[in-house]
Amino acid sequence: MDLLYELKSSLLTILPPSFWDIIDIAVLSYLIYKVIQFMKETRAGGLAKGIIVLVLCYMLARIMQMKALTFILDKTFDVGLLAIIIIFQPELRRSLEKVGHSKLSKLPVFSNSASEGELASKWAYAIDVICESCEDLSASTTGALIVIERETKLGEQINTGTILNAVPSKELFGNIFFKNTPLHDGAVIMRDGIILAAACFLPKPEKEELINKALGSRHRAAIGMSENSDAIIIVVSEETGAISVAENGELTRGYSKDTLKKTLRAKLLPEKTPKEKSQDKQSKEGTKSEKLGLFNKNKKG
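According to the working numbering, the stretch in the sequence shown is residues 199 to 499, in order.
Calculated from the structure, these hints are not laboratory results.
Careful, some of the hints might be misleading.
[What the hints assert, rightly or not] With a cut-off of at most 30 Å between alpha-carbon atoms, the simulated DSBU-like pairs for lysine-lysine come out as follows:
# : residue 1 : residue 2
1 : Lys-232   : Lys-465
2 : Lys-247   : Lys-273
3 : Lys-459   : Lys-411
4 : Lys-368   : Lys-460
5 : Lys-402   : Lys-459
6 : Lys-351   : Lys-405
7 : Lys-247   : Lys-232
Computed from a predicted structure; not experimentally measured.
Starting from the given sequences, assemble the full structure and let the hints guide the process.
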């Protein structure tokens, strides 16, 4: 504590107080902006209007010396904060998760033990298997629900299923989702390129009554899961064989093997730096030269 106090004192002597006032105003402005944005994106917008009306009523009651109304509003405000936290728990949780997924979470102290290169290699393999499996499942109109975990951990959903912790393969996906098998009724959840669990139950969407009634239970579960996390959910329709992807509460339909692969690679694999791209290009050119040299030798022979 003494060290922090000395550091703060030294900074205050170096920088004028007006600087800290500017920082204070900037932080407060940013927080107000985020609160307004949060209210616009969630049900809290209507709540804010209701609170403003109650505050105006409270001020009027105090001015008019309405003791009974003032007493009731006083008690309402006492429990109001707790009630707001309970009612808007899902929205508040998602907002806090967004803070956790910010650039600060990329610092080494918060990062996973597995190296980024190793993880990218696992996902590159898994993406190929997922896309090939979805193509086969689509052709045979076999229903499937695959959840790809990202930053938000899905421990609650994983605990509802059967732990597999298996390397993905076309055969394994086929066996899991084959009709009437023990694990087909539910979702597969993948973490770090591995099939972690199967037959998992997913949360229902928040506004289920607004969803197209033509969508089946798998599509609804996918939307619900995407509303409660940053996961990518892939759905193969049992009726039509159509491949869909749910993310951030929205469902996009009509994927092919190639478009699905392109989407997953863009979202799951880190973008290469210019240096890495240059190295890949040089490596490909070197491989091409070696092949040409070998071909010329064979031709001479």
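Status of each hint after checking the structure:
1. Lys-232 x Lys-465: 25 Å, holds
2. Lys-247 x Lys-273: Holds: Lys-247 and Lys-273 sit about 19 Å apart, inside 30 Å.
3. Lys-459 x Lys-411: Judged against 30 Å, a Cα distance of about 28 Å means the pair holds.
4. Lys-368 x Lys-460: Holds - the C-alpha atoms of Lys-460 and Lys-368 are around 19 Å apart, at most 30 Å.
5. Lys-402 x Lys-459: 27 Å, holds
6. Lys-351 x Lys-405: Holds, at roughly 23 Å.
7. Lys-247 x Lys-232: Within the cut-off at roughly 17 Å; holds.
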